[in-house]
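Residue numbers (full-length UniProt numbering): 1 to 288.
Worth flagging that the hints you see were computed from the coordinates, not collected in a lab. Since this is a predicted model, take the numbers as computed values, not measurements. Please note: incorrect hints may appear among the correct ones.
Computed Cβ-Cβ distance ranges for the label pairs, DEER-style [as the list claims (entries may be wrong)]:
id, residue 1, residue 2, range
1, 181, 258, 15 to 25 angstroms
2, 177, 140, 16 to 26 angstroms
3, 181, 242, 51 to 61 angstroms
4, 122, 242, 51 to 61 angstroms
Derived lysine to aspartate or glutamate pairs resembling DMTMM-like cross-links, with alpha carbons at most 25 angstroms apart [unchecked claim]:
id, residue 1, residue 2
5, 208, 116
6, 113, 178
7, 190, 116
8, 246, 68
9, 246, 116
10, 113, 59
11, 193, 116
12, 187, 177
13, 113, 68
14, 190, 178
15, 208, 173
16, 187, 116
17, 30, 177
18, 174, 116
19, 176, 116
20, 65, 76
21, 193, 177
22, 246, 59
23, 190, 173
Just so you know, even glycine gets a beta-carbon here, dropped at the ideal spot from N, CA and C.
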Amino acid sequence: MSIPTSEINSRQKLLIDSKAKKQESKIWQKFRQFYLGPIIAFVVFLALWQSVPVLLGLEHYILPKPTDVVAAAIEDWSLLWPAVQITVVESVLGFFVSAVVGIGVSILLASSKVLERSIYPYAIVLQTIPVVAVAPIVVIWFGAGYNSIVVISFLIGFFPVISNTLMGLNSVDKNKDELFTLYNATKWQKMWKLRIPSALPYMMTGLKISCTLSIVGAIVGEYIAGIGGGKGGLGYSITVAAMQVKTSYLFACGIAAAILGIAFYLLVSMFSNYMLNSWHDSAIKADK
């Protein structure tokens with residue numbers, strides 16, 4: 001006995017509807033698990049921020065409301081947007097240099113215990129020196145402007161890359177290392193085919209830390225070596241806004257810097273997932 005066509009279509013429709021509902025349920029569960037909490041916290045924070053100055057009767061130059069900050073950003077957008085673009089360029093250059101130099105130096109140090117014991121302590125010393133103390137020397141050597149700002153950004157972002165990468169290169173699985181030795185692999189074959197791939201998760205962690213610090217370094221550099229005349233970044237804009245007591249615009253610059261840091265971190269995280277998601281547990285679990 002054959003099943004009527006109408007009944008088959010009805011069953012297919014029910015099956016499609018069931019799959020659609022399951023998909024919607026999964027999307028809602030994922031949204032509730034990862035995004036709902038932060039969104040609610042953000043809305044509550046904005047509501048408190050908006051109401052506190054009104055309830056306490058604070059003037060806008062003491063504590064501006066979110067609406068004041070948005071209005072200041074719109075009003076001075078012609079100044080804010082070029083400043084953001086300049087800081088982005090400086091941060092990206094500083095991060096790129098810190099990544100290339102940090103990974104290169106780490107590989108060099110990991111290839112020789114003598115080099116590691118001789119040079120790595122000075123990298124630690126460089127990190128312990130306050131950047132504010134080094135920045136005037138950088139300005140004297142490289143001149144005021146972009147060069148000094150990129151160098152300061154590099155100095156702040158350099159150490160996380162070298163420390164994490166070096167840790168990864170020295171944390172190779174002993175059994176795998178012995179297997180390479182058993183097959184008479186040379187030191188550089190071990191480095192390129194075993195140690196560097198094994199160090200990738202550590203390397204990505206260092207890059208994630210460095211990318212946010214590079215923005216901090218660029219802004220610190222702009223405080224000291226920034227240039228005006230429409231060519232200054234967020235650090236220079238913050239300095240000028242503080243001198244003119246433009247608190248709302250000052251908040252707008254700070255929030256713009258925070259958004260840059262978040263965006264930069266997300267981009268590097270996407271790159272990290274791309275490099276690791278096919279084989280490393282951290283990226284695979286994050287996808288799930």
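Status of the hints after comparison with the structure:
Our hint of 15 to 25 angstroms for residue 181 and residue 258 is violated, since their Cβ atoms are close to 49 angstroms apart. Judged by the Cβ atoms, the range 16 to 26 angstroms given for residue 177 and residue 140 is violated: they are separated by roughly 46 angstroms. Our hint of 51 to 61 angstroms for residue 181 and residue 242 holds, since their Cβ atoms are close to 60 angstroms apart. In this structure, residue 122 and residue 242 break the distance hint of 51 to 61 angstroms, their C-beta atoms being roughly 36 angstroms apart.
This hinted pair checks out: residue 208 and residue 116 have alpha carbons roughly 24 angstroms apart, not beyond 25 angstroms. Restraint check for residue 113 and residue 178: the C-alpha separation of about 18 angstroms stays at or below 25 angstroms, so the hint holds. The suggested pairing of residue 190 with residue 116 holds, with an alpha-carbon distance near 17 angstroms, which does not exceed 25 angstroms. Under the criterion of a C-alpha separation no larger than 25 angstroms, the hint pairing residue 246 with residue 68 is consistent with the structure, at around 11 angstroms.
Of the pairs offered as hints, the one joining residue 246 and residue 116 is violated, with about 49 angstroms between alpha carbons and a cut-off of 25 angstroms exceeded. With a CA separation close to 60 angstroms, the supplied pair residue 113 and residue 59 exceeds the 25 angstroms bound. For the proposed pair residue 193 and residue 116, the alpha carbon gap of about 21 angstroms is at most 25 angstroms, so the pair holds. At roughly 11 angstroms between alpha-carbon atoms, residue 187 and residue 177 fall within 25 angstroms of each other, so this suggested pair holds.
Taking the CA atoms of residue 113 and residue 68, the gap is about 57 angstroms. The hint is violated against a cut of 25 angstroms. Distance restraint check for residue 190 and residue 178: the Cα-Cα separation of roughly 10 angstroms lies within the 25 angstroms cut-off, and the hinted pair is therefore satisfied. A threshold of 25 angstroms between alpha carbons decides the hint, and for residue 208 with residue 173 the separation of about 24 angstroms falls inside it, so the pair holds. About 16 angstroms separates the Cα atoms of residue 187 and residue 116, which keeps this hinted pair within 25 angstroms; it holds.
Our distance criterion of 25 angstroms between C-alpha atoms is broken by residue 30 and residue 177, whose separation comes to about 40 angstroms. Of the pairs offered as hints, the one joining residue 174 and residue 116 holds, with about 20 angstroms between alpha carbons and a cut-off of 25 angstroms not exceeded. With a C-alpha separation of about 22 angstroms, the suggested pairing of residue 176 with residue 116 holds against the 25 angstroms cut-off. About 17 angstroms separates the Cα atoms of residue 65 and residue 76, which keeps this hinted pair within 25 angstroms; it holds.
Proximity of residue 193 to residue 177 is assessed by CA-CA distance (about 11 angstroms); at most 25 angstroms being required, the pair is judged to hold. Straight-line distance between C-alpha atoms of residue 246 and residue 59 comes to about 12 angstroms, which keeps the hinted pair within the 25 angstroms bound. Of the supplied pair hints, the one linking residue 190 and residue 173 holds, its CA atoms being roughly 12 angstroms apart against a limit of 25 angstroms.
The earlier numbered hints that this structure contradicts are 1, 2, 4, 9, 10, 13 and 17.
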